[in-house]
Amino acid sequence: MSMIAIALLLQSASPPPYAMPGEEPVEAYEVRPENAGAKPFEGDAMAKAFGGQDGIRRVVNRLIDLNSNDPVIGEIFVTEDRVRFRRTLFEHMCYLLNAGCIYTGMDMRSAHKNMGIQQADMNRMVENLQSAMDAEGIRFHAQNRLLAKLATMRKDVVER
Amino acid sequence: MSRIKLSLSTCTLALIWALPQAAWADELRGGGKLLLTNGISSLEGASGGSLTPWAVIAGNETKDGIGVSAHATVAEVKSYDFQSAGFSIGLFDRVELSYSHHNFNMNEIGAALGLGADYAFKQHIFGAKLKLAGDLVFGDPMMPAIVIGAQYKNSDNDAVVGAMGAKDTKGIDYYVSASKLFLSHSILASATLRATKANQIGLLGFGGDRNSSYSLQAEGSLAWQLSRRFAIGGEYRTKPNNLGVAREDDWFDLFGTYAFNKHLTAAVGYADMGSIASVGEQRGVLFSLQASY
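Going down the list, the protein sequences come from chains A and B.
Numbering of the first sequence is given in the working numbering, commencing with residue 1 and proceeding in unit increments.
Numbering of the second sequence is given in the working numbering, commencing with residue 161 and proceeding in unit increments.
If you're looking for bench data, these hints aren't it; they were derived computationally from the structure.
Glycine residues also receive a C-beta, built at the ideal position from the N, C-alpha and C atoms.
Hints may contain errors.
Simulated pairs of lysine-lysine, DSSO-like, Cα-Cα distance not exceeding 30 Å [said to hold, decoys possible]: (1) A:Lys155 / B:Lys223; (2) B:Lys282 / B:Lys238; (3) B:Lys399 / B:Lys330; (4) B:Lys223 / A:Lys39; (5) B:Lys223 / B:Lys327; (6) B:Lys223 / A:Lys113; (7) A:Lys155 / B:Lys327; (8) A:Lys155 / A:Lys113; (9) B:Lys399 / B:Lys282; (10) B:Lys238 / B:Lys330; (11) B:Lys399 / B:Lys238; (12) B:Lys223 / B:Lys422.
Computed footprint of chain B on chain A, listed as stretches where at least three residues anywhere in the stretch have a Cβ under 8 Å from a Cβ of chain B [as the list claims (entries may be wrong)]: (13) 125-134; (14) 137-147.
Take these sequences, add in the hints, and give me the full structure.
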């Protein structure tokens, strides 16, 4: 067995560290499925609709580009650790879509704490996500099924 | 009376201009609603579907701002031309104030009924709506947005509606609406209960020889979202039947609505308004444009 295979085995056996190499340190937290804020879809229909992990990664990368360059909400992401955000957002979507990932990020309340996100900001993020999903050619109905999961998380995302 | 109306509209206009310039203006944030989630202006001015209010607040604002909208609607049914125009202000996605003016032109039927060709029933509708709880899109998927509302309606045709048997020329409707966008199915459902005395939504006055008291009416909309910009649906609205000389039927429509952008939404529909002012089968097209900020 090669060293890479052993390393992979070790990684899958224990949850990844809070901060991966190249990421800024974060305070310790417990990695739990509940941190994702919603249960994943059952079956593989949604994962397929999003083109598997490759499709999800393209959606997430586009979403992050759109958010960072957004005149309305770009400011929110200026201080964000982009490396970590890209990884945890991918894991989050991949987990919810049941595309074979573990979400190792924080719970939704902790992840959005002190970001000052208002309802209009959350709506803007939804629009950017819709644009990113459109660009990937994901059917509108499948888009809405994912948004339905995210919609339940508003209380932990929007302040006040 | 016209002076009172004028001063009321002036006050509302003043409010629209004054509020954003208030001392706390820098804390206000305009815009931010998702496409189509403020509905369109119904005939009576409340934001919702074409025929019935939804539990949404007019304007593009969220809870952090103030929004406005204006609408113009025409219904061209078999015998009549029905025009509705008005504007609304939405405060913090919580309170909606609206004004709508109706011009219901009788065309040749006016002459046939001895009122004169192109006789028009007109009324003014002042509406207020308050969101009590819930959200159309976010939060618990089974918890709808819930609003209560009132519509003060004042007919301009006092003598004629009186002669037709209406007990009053003005009245107030009270309603409660619950609406939810079931995102996982891309379906919006809305239900309204209305207490009203209005004959043909107030165009023919309030109360009549058959019934002069409030009655409870049910209204509903079902819409299917096909894209971010486009939805199709249908609405049904029960109505009272207070006037002996002019039977009144329930209304229904089938509509398509399209958001060109955040500021301009159009709706086109087929409406069946049944019998109006003693002439039946009033079916035709409904067209509505709404601008909102």
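Against the earlier hints, flag every one the structure doesn't satisfy and list their numbers going up. Hints 5 and 7 are the ones this structure does not satisfy, whereas the remaining hints hold.
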